[in-house]
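**Q** The residues making up each chain are set out below.
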Amino acid sequence: DQQVKQNSPSLSVQEGRISILNCDYTNSMFDYFLWYKKYPAEGPTFLISISSIKDKNEDGRFTVFLNKSAKHLSLHIVPSQPGDSAVYFCAADHTGTASKLTFGTGTRLQVTL
Amino acid sequence: DSGVTQTPKHLITATGQRVTLRCSPRSGDLSVYWYQQSLDQGLQFLIQYYNGEERAKGNILERFSAQQFPDLHSELNLSSLELGDSALYFCASSSTQVHEKLFFGSGTQLSVL
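Protein chains in written order, with this note's numbering: chain A, 158 to 270; chain B, 297 to 409.
Derived by calculation from the structure, the hints in this document are not laboratory data. Be aware that a few hints might be false.
[Unchecked claim] Facing chain B, according to a computed beta carbon distance under 10 Å, are these residues of chain A, among others: (1) VAL161; (2) THR202; (3) THR259.
[Unchecked claim] One-sided and incomplete, this derived list gives chain B residues near chain A with beta-carbon spacing under 7 Å: (4) GLY338; (5) LEU339; (6) PHE341; (7) GLN344; (8) ALA352; (9) PHE386; (10) LYS397; (11) PHE400; (12) GLY401; (13) SER402; (14) GLY403.
Predicted model only: the values in this text are computed from it and were never measured. Just so it is clear, CB atoms sit at the ideal spot from N, CA and C, and this is done for glycine as well.
Based on the provided sequences and hints, a complete structural model is requested.
**A** Below, the structure written as structure tokens:
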């Protein structure tokens with residue numbers, strides 16, 4: 158039962174353009190969402206998060222949008238840079254449960270010159 | 297550098313064998329999590345320890361066990377290994393109990409031949 162889904166395994170974007178990574182979830186109890194970035198041979202690193210009381214959170218070039226009614230969130234990277242090439246994982250949390258994050262399968266982003 | 301140390305980085309073993317993966321959390325972090333990433337899979341939560349006690353359990357097989365020691369380092373024991381256990385095993389640590397921001401180690405790549 159995949160409660161967090163990233164349906165695009167890969168995405169290629171030109172440098173300077175916008176990258177949009179999508180994530181869908183099925184569990185309506187999730188109330189906090191995170192994005193992690195992973196480079197090869199490294200562990201995932203936290204990128205940005207959003208609480209379900211918000212619909213947008215911005216941090217520099219990274220913005221996460223949350224659409225609770227559609228159970229959908231997206232990560233926008235503007236402008237995309239070659240160093241952004243990595244695997245991006247969406248994760249979800251449910252306050253009040255034993256703390257554990259549920260991760261999606263990841264989207265590999267390649268930013269080309 | 298996340299501050300989370302995992303050893304060994306690579307492990308090659310045979311079916312039926314037993315291995316131990318080790319994790320040292322960030323200084324001061326009381327929670328340790330273990331995740332498994334198989335090919336084309338997301339990060340699957342295995343188990344969480346908080347200050348030496350098991351806090352949450354995910355999809356961890358009975359052949360797998362873990363513990364957290366008084367110095368807060370953790371070990372994941374995998375026994376009666378099967379080919380399907382080949383995966384990347386991540387350890388993560390955190391200091392907060394609400395809306396966890398996890399800090400991941402670089403993982404142990406286990407290959408069962």
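**Q** Take the hints in turn and mark each one as holding or not.
**A** Structure-based check of all given hints:
no. : hint   : in the structure
1   : VAL161 : holds, 7 Å
2   : THR202 : holds, 7 Å
3   : THR259 : holds, 7 Å
4   : GLY338 : holds, 4 Å
5   : LEU339 : holds, 4 Å
6   : PHE341 : holds, 5 Å
7   : GLN344 : holds, 6 Å
8   : ALA352 : holds, 3 Å
9   : PHE386 : holds, 6 Å
10  : LYS397 : holds, 5 Å
11  : PHE400 : holds, 3 Å
12  : GLY401 : holds, 5 Å
13  : SER402 : holds, 5 Å
14  : GLY403 : holds, 6 Å
Hint compliance for this structure: every hint is met.
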